[in-house]
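There are 2 protein chains.
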Amino acid sequence: MTTITVPPSPLSPDEDANKLRKAFQGLGTDEKTVIEILSHRSAGQRLAIAKAYAHLYGESLLERLHSELSGDFRKAVMLWTMDPAERDAKLANKALKRKGDRDLWVIIEVACASSPDHLVAVRKAYCSLYSSSMEEEVAQSFSTVHPLSKLLVRLLTSYRYSGDHVDSELAKYEAAQLSDAVKSNQIGRDDVIRILSSRNKSQLKETFKYYNENYGKHIVEGKHQCKTPRPKWMAAKTTLSPTRGQIGSDGSGKKAPADIEVIDKSQFTTLLKTAIWCLASPENHFAEVVRTSVVGLGTDEDSLTRAIVTRAEIDLEKIKEEYKIRYKTTLRADVIGDTSGDYKRFLLALVGSEGP
Amino acid sequence: MTTITVPPSPLSPDEDANKLRKAFQGLGTDEKTVIEILSHRSAGQRLAIAKAYAHLYGESLLERLHSELSGDFRKAVMLWTMDPAERDAKLANKALKRKGDRDLWVIIEVACASSPDHLVAVRKAYCSLYSSSMEEEVAQSFSTVHPLSKLLVRLLTSYRYSGDHVDSELAKYEAAQLSDAVKSNQIGRDDVIRILSSRNKSQLKETFKYYNENYGKHIVEGKHQCKTPRPKWMAAKTTLSPTRGQIGSDGSGKKAPADIEVIDKSQFTTLLKTAIWCLASPENHFAEVVRTSVVGLGTDEDSLTRAIVTRAEIDLEKIKEEYKIRYKTTLRADVIGDTSGDYKRFLLALVGSEGP
Chain A
1 MTTITVPPSP LSPDEDANKL RKAFQGLGTD EKTVIEILSH RSAGQRLAIA
51 KAYAHLYGES LLERLHSELS GDFRKAVMLW TMDPAERDAK LANKALKRKG
101 DRDLWVIIEV ACASSPDHLV AVRKAYCSLY SSSMEEEVAQ SFSTVHPLSK
151 LLVRLLTSYR YSGDHVDSEL AKYEAAQLSD AVKSNQIGRD DVIRILSSRN
201 KSQLKETFKY YNENYGKHIV EGKHQCKTPR PKWMAAKTTL SPTRGQIGSD
251 GSGKKAPADI EVIDKSQFTT LLKTAIWCLA SPENHFAEVV RTSVVGLGTD
301 EDSLTRAIVT RAEIDLEKIK EEYKIRYKTT LRADVIGDTS GDYKRFLLAL
351 VGSEGP
Chain B
1 MTTITVPPSP LSPDEDANKL RKAFQGLGTD EKTVIEILSH RSAGQRLAIA
51 KAYAHLYGES LLERLHSELS GDFRKAVMLW TMDPAERDAK LANKALKRKG
101 DRDLWVIIEV ACASSPDHLV AVRKAYCSLY SSSMEEEVAQ SFSTVHPLSK
151 LLVRLLTSYR YSGDHVDSEL AKYEAAQLSD AVKSNQIGRD DVIRILSSRN
201 KSQLKETFKY YNENYGKHIV EGKHQCKTPR PKWMAAKTTL SPTRGQIGSD
251 GSGKKAPADI EVIDKSQFTT LLKTAIWCLA SPENHFAEVV RTSVVGLGTD
301 EDSLTRAIVT RAEIDLEKIK EEYKIRYKTT LRADVIGDTS GDYKRFLLAL
351 VGSEGP
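Sequence lines, in order, name chains A and B. Reading the first sequence from the start, the letters are residues 1 to 356 in full-length UniProt numbering. Reading the second sequence from the start, the letters are residues 1 to 356 in full-length UniProt numbering.
It is worth saying that the hints were derived from the structure and are not from the lab. Misleading hints may appear alongside valid ones.
Identical copies carry no separate label here, and so any pair may be met within one copy or between two of them.
Unchecked claim - The calculated DSSO-like cross-link candidates involving lysine-lysine, where the alpha carbons are at most 30 Å apart (straight line), are:
id: 1; residue 1: K172; residue 2: K94
id: 2; residue 1: K328; residue 2: K201
id: 3; residue 1: K97; residue 2: K172
id: 4; residue 1: K265; residue 2: K183
id: 5; residue 1: K172; residue 2: K90
id: 6; residue 1: K90; residue 2: K201
id: 7; residue 1: K205; residue 2: K97
id: 8; residue 1: K94; residue 2: K273
id: 9; residue 1: K172; residue 2: K99
id: 10; residue 1: K22; residue 2: K344
id: 11; residue 1: K201; residue 2: K94
Every value quoted in this text rests on a predicted model; they were computed, and no experiment measured them.
Put together the whole structure using the sequences plus the hints.
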């Protein structure tokens with residue numbers, strides 16, 4: 001459910017490109033026009049405008065936006081104007097370079113909160129942009145971090161069946177497998193990763209439903225009541241499987257770590273939780289991303305921009321509903337409170353109005 | 001390099017469909033016309049004919065071929081007429097049901113001897129046809145067979161960079177990793193699977209080249225001189241990594257094997273070899289598939305058909321060259337010796353002539 005509003009009879013791509021060109025010319029940039037046009041056009045229309053702009057004026061719209069705008073406003077407008085697959089490939093690449101905890105969220109979002117076709121398009125774009133595959137970089141970057149590498153690679157390389165077919169018996173069986181992994185303190189076990197990385201999303205929702213019904217009560221996240229409860233097993237006391245030393249040194253003579261690293265348990269649990277949310281109820285995850293980016297001192301503009309730009313045409317309406325329930329305030333109000341200027345105006349145009 | 005010959009001015013799809021329709025009508029089928037048309041049309045032309053046929057006569061060309069033809073000829077013509085991605089999805093599904101040694105070859109061929117885009121198309125087709133993903137079925141079918149499951153899933157889910165960029169330092173480093181895995185008798189090690197399943201094909205060829213140059217002499221396969229020598233490490237004494245018991249029982253209460261199975265070492269080595277050949281020199285692998293299908297008593301028509309039908313428009317010309325060098329006879333001569341009737345005529349039309 002998109003939150004942007006497209007005029008019933010928008011201008012043609014050529015007309016839009018022309019208005020943008022005029023907004024760039026002269027002293028200073030007419031940011032108001034840039035926002036007015038780009039924030040009210042769908043992904044397809046934005047691509048058509050970029051194409052028309054390049055054709056008419058012999059320069060790249062993205063490059064011109066880069067030279068005309070600045071700061072967080074520029075970042076947001078550029079991410080919004082890019083081809084969505086290319087945008088996500090770039091976000092993933094940046095995250096892979098930084099490798100912080102929050103950066104891993106980005107990788108998991110791309111892997112789990114995308115449609116199978118979009119995920120493939122992102123992987124193609126990644127190969128074109130960086131002359132290497134996304135899984136190759138992930139596998140190499142985290143090759144000694146067990147079982148994180150396996151989890152990320154399997155999630156990123158999935159092409160899930162996207163129909164609604166659900167096998168209830170299988171869901172019961174696999175809910176039991178998940179329960180066993182939790183009880184045995186082996187949450188990084190191969191079968192857990194296999195289930196999360198290969199089953200279709202409807203099937204997984206059924207599995208989590210059985211889990212909640214049969215292996216404990218719903219988990220309420222923190223003080224806030226989730227609309228879609230986080231599967232209970234995510235909050236159980238969990239540790240990784242006892243795999244330390246399984247792989248051994250790589251023996252290459254170039255760089256031979258004495259042993260593999262084992263990722264911090266709570267960090268792995270958080271990432272697995274992120275994956276489950278992105279798979280079963282991405283609106284929960286993205287509500288948390290936005291909230292985390294605005295609470296406390298300072299704002300994490302990169303995360304705020306990413307959540308709004310990447311979800312505006314997918315499920316931002318649901319994220320806003322979830323936000324209201326969980327945080328007793330509106331996403332729009334939090335954006336107003338934490339941003340300013342053109343950046344604020346642009347994000348608010350994407351966020352749209354809040355319902356009654 | 002395709003081996004089929006397409007007339008410089010072929011009939012239109014409507015005209016071809018009409019000729020096929022006439023070949024089906026009356027008493028008996030005019031197989032000669034079926035062969036004459038279909039074996040001399042490219043994949044795109046065949047799809048256009050099938051579309052025109054359905055449009056003109058309100059029935060599926062594939063279904064009509066199924067009811068008009070029979071035996072190995074029917075199987076071959078149908079595989080040839082199908083959309084290539086759908087064809088490979090069907091071959092993989094059949095192989096997954098049977099799970100014999102030779103069936104695993106089929107999975108590896110699809111995973112390693114396809115272009116990245118074709119592999120994705122096969123995975124999409126698989127989801128549409130079977131309401132589950134290919135990796136889901138592979139992961140489930142072989143979940144207790146370690147490390148085969150990991151190898152197959154990682155190969156099948158790859159989307160490799162398909163450019164020519166090669167990093168020589170990386171090739172040296174990874175050749176050393178492979179050598180270490182062989183020396184430590186741990187050929188099923190995670191780093192071996194990571195390298196084979198994520199690196200681009202040009203990079204892998206460079207890695208195997210370094211391996212051959214630095215860790216031993218070339219291996220000559222059996223009595224026959226390979227044009228592209230099999231990487232030496234494939235013939236070294238190798239065993240799997242000592243992973244027995246790593247995963248433990250699945251603890252589901254439904255079916256809880258006491259321990260995981262460990263695939264027979266020589267079987268795993270053969271499969272890894274198949275993967276390496278399909279990645280670095282598929283013509284070697286398919287020459288072997290054809291040869292194995294015709295030598296000895298009886299013919300393995302399914303394998304013979306698969307090799308010729310799936311490679312005719314890709315690299316059958318190279319396979320024929322390789323065949324001549326390795327087996328001191330021609331592929332065409334072996335097809336003539338082991339097949340008969342319309343089946344023979346059809347395969348020979350796809351195989352084309354042998355050079356001087």
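Hint-by-hint comparison with the structure:
1. K172 / K94: Classified as between: cross-chain Cα gap 27 Å, same-chain 39 Å, threshold 30 Å.
2. K328 / K201: within (29 Å within a copy, 53 Å between copies)
3. K97 / K172: between (39 Å within a copy, 24 Å between copies)
4. K265 / K183: within (15 Å within a copy, 33 Å between copies)
5. K172 / K90: Only across copies: K172 and K90 sit 29 Å apart there, 39 Å inside one copy, limit 30 Å.
6. K90 / K201: The answer is both: 25 Å in one copy and 24 Å across copies each meet 30 Å.
7. K205 / K97: Only across copies: K205 and K97 sit 27 Å apart there, 32 Å inside one copy, limit 30 Å.
8. K94 / K273: Classified as within: same-chain Cα gap 22 Å, cross-chain 36 Å, threshold 30 Å.
9. K172 / K99: between (36 Å within a copy, 26 Å between copies)
10. K22 / K344: within (23 Å within a copy, 69 Å between copies)
11. K201 / K94: Both ways: K201 and K94 sit 27 Å apart in one copy and 25 Å across, limit 30 Å.
In this structure, none of the earlier numbered hints is contradicted; all agree with it.
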